[in-house]
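Kindly generate the complete structure, drawing on both the sequences and the hints.
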Amino acid sequence: MLDAHRLRADFAVFDELVNGKPVAFLDSAASSQKPRQVLDAMREFYEHSYANVHRGVYQLAERATAGYEGARQKIRAFINAPEAREIVFTRNATEGINLVAYAWGLVNLGPGDVVLVTEAEHHSNFVPWQYVAKRTGADFRLIPLDENGELDLAALDTFEGDGRVKVVATTLVSNVLGTVNPIEHLSRWAHERDAVIVVDAAQAAPHRRIDVQALGCDFLAFCAHKMCGPSGAGALWGRAELLEAMEPFNLGGHMIRRVSFEETTWGDLPHKFEAGTSPIAEAVGFGAAVDYLEAVGLEAIEQYEHELVAYALERLAELPWVDVYGPPADRRAGLVSFNVEGVHPHDVAQVLDWEGVAIRAGHHCCQPLMRKLGVAATNRASFYLYSIPEEVDRLVDGLHKAKQSLG
Amino acid sequence: MSEFDQLYRELILDHYKNPRNHGLLDPADAQAEGQNPLCGDEVSVSVRLGEGDVIEEVGFDGRGCAISQAATSMLSDLVKGRTAGEVASMPKEELLDELGIPLTPVRLKCAILGLGVLKLALHKARGTPLPEEWGTSANELVLE
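So the sequence lines, in the order shown, correspond to chains A and B.
Numbered continuously in numbering that gives the first Met the number 0, the first sequence closes out at residue 406.
Numbered continuously in numbering that gives the first Met the number 0, the second sequence closes out at residue 143.
These are computed hints drawn from the structure, not numbers from a lab.
Since we're looking at a predicted model, the values are computed, not measured.
Zero decoy hints are in this set.
Cut-off 27 Å, straight-line C-alpha distance, at most; resulting in silico cross-link-like pairs (DSSO-like, lysine-lysine): (1) A:133 / A:371; (2) B:108 / B:91; (3) B:108 / A:400; (4) B:91 / B:79; (5) B:91 / B:16; (6) B:16 / A:400; (7) A:371 / B:108; (8) B:123 / B:79; (9) B:108 / B:123; (10) B:108 / A:402; (11) B:91 / B:123; (12) A:402 / A:371; (13) A:20 / A:402; (14) B:79 / B:108; (15) B:16 / A:402.
To list a few chain B residues with every Cβ distance to chain A over 12 Å, as calculated: (16) 23; (17) 51; (18) 55; (19) 88; (20) 127; (21) 128.
Incomplete in silico selection of chain A near chain B, CB under 10 Å: (22) 342; (23) 360; (24) 361; (25) 362; (26) 366; (27) 375.
Don't be surprised by glycine CBs; every beta carbon is placed ideally from N, CA and C.
Listed below in structure tokens is the structure:
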């Protein structure tokens, strides 16, 4: 059983006061706080093992390479990928998806092909596909949501007549609705049509066990900063045979095998996709974050957040002037988006800030989804392994204040 | 005074809940729309001019956060009786002083949206270009 109060001692930020009050940080879906174990690992690496990787013949460079490649091994195990060379370090999840959209999409898509994306996508898994579809002449189509904010799977077969479905891009967990998408089902559906499936796991990897082999997907992208790791590091997993067949994304140092005046050949996986100096210490911090989450237990984190979001939905249901979006608690990840009747989300977030409660207000990089919901913006409270029920209570108290003064 | 009272002090709340000069004018001598895509604030402003291009009536419509709507309401009172030329070059500090609250950069855009839209309306009517600091759109103000 996860003990959030004990875990909070690992996070110095919880000693901070905001407007004289301890901070209730309910914005982990945007970026998580960092435990001292991760910060210590990065400092230790910088102080004792730092050099550029893969090049030097000296001891420090070897240690640095061991730290960097060790992190890759940890990330491989974290998502149960078959091979470490299938893990490409990126800056963030967005870069991982762009890598696939450019290096796979530009080459493999054309007129008569269909690119399928869900209505709930974050712009990171929406805009690259919309752009690449336009560039290649492929059709860009949307898998609709039902009234619960869950994918309308029955609509999938209506895309059959439109052309060859070549790629399905979907998030595992919606950053606005908390919906958990049925990736196994979508993978089977895509593979029956010889399409590839690209999964945005930015909101899933921090909160639940991911097994890419069980999901059956072809690519999966996530980032360190939402899962207790540093910003500036992300990972893209892809099936080796797909990555091998792909052209490179960034070109330059390190990703080459041989360069001559006439031509250049590409290095092996994963180096072909890691041009230039990587975020080395950030990758080490990413590995330390994996260690931290594994020590707590992904199953325990999922279970704990599930209880917390159920409590939050219960408390919010007491407020008849609050509209909650997304599926019921038993099918939802640890976040909740809502609106307060008659009060703009920015005003809600401002009032909550004075109470020391940090939530997100805006379109959450999901403008198409906002249009679908018929709102300009929403408030979002998101939970993590250090969130506690008292913070949900402070949220609800703050909402009463916002409603009284502005509603 | 708590920060809450400071920012949403009574006057601003009053303007938000009971906006002055609400509703667009028809006919109008100048009109423009604008938005703040980050927050989803929207404001439209229309103006009727009298002799010597003096602003006789202002009407606005919009939806968005309390700051954006209250600031536009306060602005609509502030500019009546002034000439179009004067308001077209009015510094935003004048409106911010009137609001009299500290604003973070994100909220600042909410506060000046209405002023930008009004300026766009007046510049359009006068056939003069909107100053660059307000953006380059000729038909709709978009505060990025």
